[in-house]
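Given only the sequences and the hints, what does the whole structure look like? Please build it.
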Amino acid sequence: MALVADKPLNYALRENMRVVSALVVRSAISRFGESRFGFVWILLEPAFYIGVYIMAHTVMRASMPFGDSAVLFILAGIFGFRMSRGVARKAETAIAHNLPLLTYPLVRPMDTIVSAFLLEATIWLIICALFILGLSYALDRTIIAYPGELTTCLLAIFFFAFATATFNATVGALVPRYMMFVNMLNMPLMFISGVFFLPSSFPPELQWYISWNPFLHCVEWFRMATYLDYHPVLDKSYLLAVSTILLTVGLTLERLLRNRIINA
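Counting in UniProt numbering, the sequence shown runs from 1 upward without gaps.
No lab work stands behind these hints, which were simulated from the structure alone. Quick caveat, the model's predicted, so the values are computed rather than measured. There could be a bad hint or two in this list.
Unchecked claim - Derived SDA-like pairs: lysine to any residue, alpha-carbon spacing no greater than 25 Å straight-line:
#1 236 x 213
#2 236 x 118
#3 236 x 212
#4 236 x 139
#5 236 x 151
#6 236 x 182
#7 236 x 189
#8 236 x 177
#9 236 x 132
#10 236 x 159
#11 236 x 200
#12 236 x 190
#13 236 x 197
#14 236 x 251
#15 236 x 263
#16 236 x 101
#17 236 x 205
#18 236 x 249
#19 236 x 185
#20 236 x 248
#21 236 x 143
#22 236 x 147
#23 236 x 188
#24 236 x 144
#25 236 x 201
#26 236 x 152
#27 236 x 66
#28 236 x 211
#29 236 x 156
#30 236 x 210
#31 236 x 206
#32 236 x 198
#33 236 x 247
#34 236 x 122
#35 236 x 187
Encoded structure:
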């Protein structure tokens, strides 16, 4: 009886994996199939931010925020923010970009989110590895002080990105213009997430206010894994709690209002 009962579940899991795999391939083709420079452009984005920061840093003759390398400081900030917001931004539009596919019984809204998330997470892991290895070669030293902490940080960042994408994708499918509001926050969020400044240099009162921004904790966690003696404004429990709440709400909305989302 147990084998009979398990068979439908195993079959459903295999079918779901096939659907997600097909969606990943479809997303990759639509992302890079039409242009050979698609991946190069993604590589240029972090390089652009680094270049602008170094140029401004040189012109203003500002002191080093932390450490002995402005490139390393800004690189850690960019990846702390972009790996969370960049992955979430692509995955949260998955439902809207795949609405015709949702008419097929096997394809569910969550399948589109999962597939987009897997593709973007893989892309950003590759980009992060390339920049870390390249900077390590340029500086002729190891630039990740705590590899184990970096692994934990990346898992937390991707958990937060997936939770944010799930919440925004479901709410965006239900509330008109919600995604327009979210997209307007991209640039302000980058500036208040500690990418270009040292959060611990702020007064305690201001640190308290900016610590409500979960993206700040992604940036600070990444920097903590990078430097030996970095003192972050970081609350790991807060980041994980926010991620859990967003994911729970998003999954609940998707399950209860699935038909409404498909027909949106």
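Verify the proposed pairing of residue 236 with residue 189, using a straight-line Cα cut of 25 Å. Holds, because 19 Å separates the two Cα atoms, which is no more than 25 Å.
Are the Cα positions of residue 236 and residue 118 separated by 25 Å at most? Holds, because 23 Å separates the two Cα atoms, which is no more than 25 Å.
Between residue 236 and residue 249, is the straight-line Cα distance small enough, at 25 Å or below? holds (20 Å)
Hinted pair residue 236 and residue 101, Cα distance within 25 Å: violated (37 Å)
Is the Cα-Cα distance between residue 236 and residue 151 25 Å or less? holds (14 Å)
Is residue 236 close enough to residue 206, meaning Cα to Cα at most 25 Å? Holds, at about 19 Å.
Given the hinted pair residue 236 and residue 190, is their Cα-Cα distance within 25 Å? holds (19 Å)
Starting from residue 236, check that the Cα of residue 122 is at most 25 Å away, please. Between residue 236 and residue 122 the Cα gap is close to 23 Å, so the pair holds against 25 Å.
What's the verdict on residue 236 and residue 152, does the C-alpha distance respect the 25 Å limit or exceed it? holds (10 Å)
Please verify whether residue 236 and residue 188 have alpha carbons no more than 25 Å apart. holds (22 Å)
Pairwise hint evaluation, residue 182 against residue 236, where the allowed Cα distance is 25 Å at most: Holds, because 24 Å separates the two Cα atoms, which is no more than 25 Å.
For the pair we were handed, residue 236 and residue 132, check the Cα-Cα distance against 25 Å. holds (23 Å)
In summary, the numbered hints that this structure violates are 4, 8, 15, 16.
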